[in-house]
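Enquirer: Chain order of the listed sequences is A and B. According to numbering that gives the first Met the number 0, the first sequence is numbered sequentially starting from 0. According to numbering that gives the first Met the number 0, the second sequence is numbered sequentially starting from 0.
Quick caveat, the hints were computed from the structure, so don't treat them as lab data. Here the structure is a predicted model, which is why all the values come from computation and not from measurement. Zero decoy hints are in this set.
List of simulated lysine-lysine pairs, DSBU-like, C-alpha gap at most 30 Å: (1) A:Lys-16 to A:Lys-61; (2) A:Lys-209 to A:Lys-16; (3) A:Lys-134 to A:Lys-121; (4) A:Lys-61 to A:Lys-221; (5) A:Lys-16 to B:Lys-255; (6) A:Lys-61 to B:Lys-255.
Residues from chain A that face chain B, not an exhaustive set, calculated with beta carbons under 8 Å: (7) Thr-45; (8) Ser-49; (9) Met-52; (10) Pro-70; (11) Tyr-74; (12) His-78; (13) Phe-82; (14) Val-87; (15) Ala-88; (16) Arg-92; (17) Leu-93; (18) Gln-97; (19) Val-101; (20) Met-104; (21) Tyr-106; (22) Gly-107.
For each residue, glycine too, the CB sits at the ideal point set by N, CA and C.
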Amino acid sequence: MPAPPPIAIERFVKIYKTVPAVDGISFTLTPGSVTGLLGGNGAGKTTTISAIMGLTTPTSGKVIVLGAEMPRQRYQVLHRINFESPYVAMPMRLTIRQNLTVFGMLYGVPDLPSRIKELGEKLDLTDLLDRPTGKLSDGQKTRVALAKGLINAPELLLLDEPTASLDPDTADWVRGRLETYRRERNATMLIASHNMAEVERLCDRVIIMKRGHIEDDDTPGKLLSRYGRQTLEEVFLDVARGRGVEREAAQ
Amino acid sequence: MIPRESTFAYSPRRTGAMMLRYWYLLRSSWPRLLDLVYWPTVQMITWGFLQYYIMQNAGFFARAGGTFIGAVLLWDILFRGQLGFSISFMEEMWARNIGNLMMSPLRPLEFISALMVMSIVRLAVGAVPVTVLAILFFGFNLYGLGFALVAFFLNLMLTAWAVGIFVSGLVLRNGLGAENLAWSIMFLFLPLTCVYYPVTTLPTWLQPVSWLLPPTYVFEGMRALLIEKTFRPDLMLDALALNVVFFAAGVFGFLKLLQSARQHGSLLQSGE
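Based on the sequences and whatever the hints tell you, model everything.
Expert: This is the structure we're talking about:
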């Protein structure tokens, strides 16, 4: 029996009171793929990611992750998933080692001291492991959040603006680590980002959302070619400002 | 490969992870430790001197030695027990860490268990030194209550946890805007559970309400023990029966509010 897809979303609808945040989207991710989830504010990206993690119950439709329907069957797969976002903080008073120990225990990671040592080396955190997380720079905190995201060597990694507020050098370094992790583990990644350069570099598929709908879904190359643009940022602006359809028709 | 687990699995390791998290937090901050001891000490000393004064001037209270200090110490178990539970929970909200926990394999009952254990740890850090001070300052030995103290403690902690669990659910559902409830809700119990006076002091119409609250039985039991020198197991069993209902309602309320938070998408937005 073939393994279920990492993510299969079928006609997912989420309505908050009377406002539809996501309005009937469907997509499936293949194992080992890196997909960018783009869209302006209020497009429905966070709600979609939240439903994938089992934090939001769909109003209708299905969100199936690694074969488990979310959030009903979430405990069957949560130990195989992880999430990194600068908007969800790590406890500041705890040292990096303490934080990683707690999360490692929560995720049932075997041989935790070795895993923390390994992550410390890979993410250049070894010298910082015994410092309180709150006393680190933004770049260091992002690396700690990434270490937490990788503590259980997840098959599916969800990233929300993974390089937000980082300087270009640190952001480039983080992207490099993500590429390495994907290569080593054949992990599937879903990245919500406003950084188009990041999406172009990391993603082999891009889903563009607008007002709760999927406006477009293709490889970065095909999107550039179809919209007749040089960069994904231009494609994004075309979609956001409703110029995409006109340009396609004109071409 | 990490083994797959069933939906209802209970992991002592995950519960231990959360206890470890709160222990790291507690020992990393001396103001947090000081706060645990400071207020109970101030309260005990104030009420202790008041009782000392009244004993010198009123015959009845001379016989009722220790009822005020005993009431203060037992009230502190109830109040600090709930606060210890709620503060540990609130630390996750303040740290914006609740999203990390809710998307981890941590089960709600494991989370609740860890918070319950930590409320006892916090209570012990704060209450044990104060009970020693009560012996030294006023000659009141809470531990002299013996088995009765165990019954009082168990019943008060069950109520404290039930209230703490329910309030945590409210904060989870409504965000930090509901935080004030955690600090103030127990004060509603202060007049109604008759901490410092017998239930008969209340107006007749209010007495049935008082008897619906488990701590009322504990404070009546304490007065019976200190004034009449009688341990009332019937009161403790009544309190226990009510506590089972309170605790089940607290857990049920928490799970329902968590479910509602999932429906309203408030687990990632844990601000106000």
